[in-house]
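*Asks:* Take the given structure of chain A and dock chain B to it, following the hints.
There are 2 protein chains.
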Amino acid sequence: MCDNYWEDPQLAQDESIKIFLTTKELDLAEGVKFVKTPKAGAVISFCGTTRDVFEGKQVSDLGYESHHRLALKTLGKIVQECKTKFENSVKDEKIHRVYVGHRLGKVPIMEDSIIVCLSSTHRQEGWNAGIWLLDTIKERVEIWKTERYIDGGFSWKENDNANVTDRV
Amino acid sequence: MCDNYWEDPQLAQDESIKIFLTTKELDLAEGVKFVKTPKAGAVISFCGTTRDVFEGKQVSDLGYESHHRLALKTLGKIVQECKTKFENSVKDEKIHRVYVGHRLGKVPIMEDSIIVCLSSTHRQEGWNAGIWLLDTIKERVEIWKTERYIDGGFSWKENDNANVTDRV
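Line by line, the protein sequences are chains A and B.
Numbering of the first sequence is given in the numbering used here, commencing with residue 183 and proceeding in unit increments.
Numbering of the second sequence is given in the numbering used here, commencing with residue 183 and proceeding in unit increments.
Pulled out of the complex, with its shape left as it was, chain A reads as follows:
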């Protein structure tokens, strides 16, 4: 299988935002390196990882599919919205840089399906932005997941590990 990578060409010009979809393994070190700046006192990272069990069933892997063009567009909008939402110049609060990588295809146990990194002036706006960003990505981005079990079964899920409901 050949590896694939998709990025929004317009956003690729913005040194404060990196957003991509890939079938390759994600790399947290790359994300943290991208978001670090001398103006930021906090770097917050989130990795969403395939677990071995879901509701008592042994999971073999997760599979992610997306509408690539729409997903990148929605991700771009969400990240821009996040930067505006958590900036407060009176309190000197700011999200400096954001990195979002989402893996597509099969994601084995212990490997990451999503990595989000961001840098902020202080930790408060960083935590708030991280929580909002991840919830909003899972709600709005055109990416879907299949959960495959070791007994051979599988089920389609909303892309949300917290409040999962069956799609079909």
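Hint data in this document are derived by calculation from the structure and do not stem from the laboratory.
Incorrect hints may appear among the rest.
Heads up, the list lumps identical chains together, so a pair's fine if it works in one copy or across two of them.
As the list claims (entries may be wrong) - Calculated lysine-lysine pairs in the DSBU-like style (CA-CA distance at most 35 Å, straight line):
no., residue 1, residue 2
1, K276, K239
2, K218, K239
3, K239, K273
4, K273, K206
5, K239, K221
6, K255, K206
7, K288, K273
8, K259, K215
9, K320, K273
10, K276, K218
11, K215, K267
12, K206, K288
13, K206, K239
14, K239, K267
15, K265, K239
16, K320, K239
17, K255, K288
18, K320, K276
19, K320, K206
20, K265, K255
21, K288, K221
22, K206, K259
23, K273, K221
Here the structure is a predicted model, which means the values were calculated and not measured.
*Replies:* Showing chain B alone in chain A's frame:
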């Protein structure tokens, strides 16, 4: 200058907790590798980084000092408390592993003074635990910081980048 490293020998036996103080550079990849487990769907990391400006003054670096034995003991208590506080077996919520490294001595701009990593079953208890853990470490652990400015001045601070008050 020789590098130094301090760890609680009792906690060093616990494979779910790693806590240490060091004068060397911190390594996020080590922390993330330590906390990953097949049972965790989320890995959350925080790096506290030296910023180049504080209240309009150009910072040259931060310096951290501690009462090593007490600081390790307090860190150990806080991490144990965190694991109990954010476990909820009814909701299947759990903090699986926690890694806390705090740097001592001089920490230049863009380098990390603290790294906290944790793994949780879902993202909610992970975010809550991360926020609580960091706030509590900054409130209770016997570590103090000096801020040195490029004009040659310096000031002692509480070890809290969010709500700083002068100590002397």
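*Asks:* Look at each hint and say if it fits the structure.
*Replies:* Going down the list of hints, with the structure as the test:
In the homo-oligomer, the alpha carbons of K276 and K239 lie at most 35 Å apart only across protomers (18 Å), although the nearest pairing inside one protomer, at 42 Å, exceeds that limit. In this assembly of identical chains, the alpha carbons of K218 and K239 lie at most 35 Å apart only when taken from different copies (20 Å versus 39 Å within one copy). In the homo-oligomer, the alpha carbons of K239 and K273 lie at most 35 Å apart only across protomers (16 Å), although the nearest pairing inside one protomer, at 47 Å, exceeds that limit. Taking the shortest alpha-carbon separations for K273 and K206, only the inter-copy value of 33 Å comes in at or below 35 Å, while the best intra-copy value is 40 Å.
Taking the shortest Cα distances, K239 and K221 sit within 35 Å of each other only across copies (12 Å), while inside one copy they are farther apart (46 Å). Taking CA atoms no more than 35 Å apart as the test, K255 paired with K206 passes inside one copy only; the shortest distance there is 20 Å, against 41 Å between copies. For the identical chains of this complex, K288 and K273 are inter-copy neighbours only, at 28 Å across copies versus 43 Å inside a copy, given an alpha-carbon limit of 35 Å. Taking the closest pair of Cα atoms, K259 and K215 come within 35 Å of each other both inside a single copy (23 Å) and across two copies (32 Å).
Taking identical chains as interchangeable, the C-alpha atoms of K320 and K273 lie at most 35 Å apart whether they share a chain (29 Å) or sit on different chains (20 Å). Taking the shortest Cα distances, K276 and K218 sit within 35 Å of each other both inside one copy (13 Å) and across copies (30 Å). Within a single copy, K215 and K267 get their C-alpha atoms as close as 24 Å, and across copies as close as 32 Å, so both meet the 35 Å cut-off. Taking the shortest Cα distances, K206 and K288 sit within 35 Å of each other inside one copy (10 Å), while across copies they are farther apart (38 Å).
When the C-alpha separation of K206 and K239 is checked against a cutoff of 35 Å, the pair qualifies only within one copy, where the shortest distance is 26 Å, while the shortest distance between copies is 43 Å. Taking the closest pair of Cα atoms, K239 and K267 come within 35 Å of each other only across two copies (27 Å); inside a single copy the shortest separation is 39 Å, beyond that limit. In the homo-oligomer, the alpha carbons of K265 and K239 lie at most 35 Å apart only across protomers (25 Å), although the nearest pairing inside one protomer, at 39 Å, exceeds that limit. For the homomeric pair K320 and K239, the shortest alpha-carbon distance inside one copy (22 Å) is at most 35 Å, but the shortest distance between copies (40 Å) is not.
Proximity of K255 and K288 under a CA criterion of 35 Å is satisfied intra-copy only: 23 Å inside one chain copy versus 43 Å between copies. Taking the shortest Cα distances, K320 and K276 sit within 35 Å of each other both inside one copy (23 Å) and across copies (21 Å). Taking CA atoms no more than 35 Å apart as the test, K320 paired with K206 passes inside one copy only; the shortest distance there is 20 Å, against 38 Å between copies. Taking CA atoms no more than 35 Å apart as the test, K265 paired with K255 passes inside one copy only; the shortest distance there is 16 Å, against 38 Å between copies.
In the homo-oligomer, the alpha carbons of K288 and K221 lie at most 35 Å apart only across protomers (18 Å), although the nearest pairing inside one protomer, at 37 Å, exceeds that limit. Taking the shortest Cα distances, K206 and K259 sit within 35 Å of each other inside one copy (24 Å), while across copies they are farther apart (40 Å). For a Cα distance limit of 35 Å, the shortest separation of K273 from K221 inside one copy, 15 Å, qualifies, whereas the shortest one across copies, 39 Å, does not.
Checked against the numbered hints above, the structure violates none of them.
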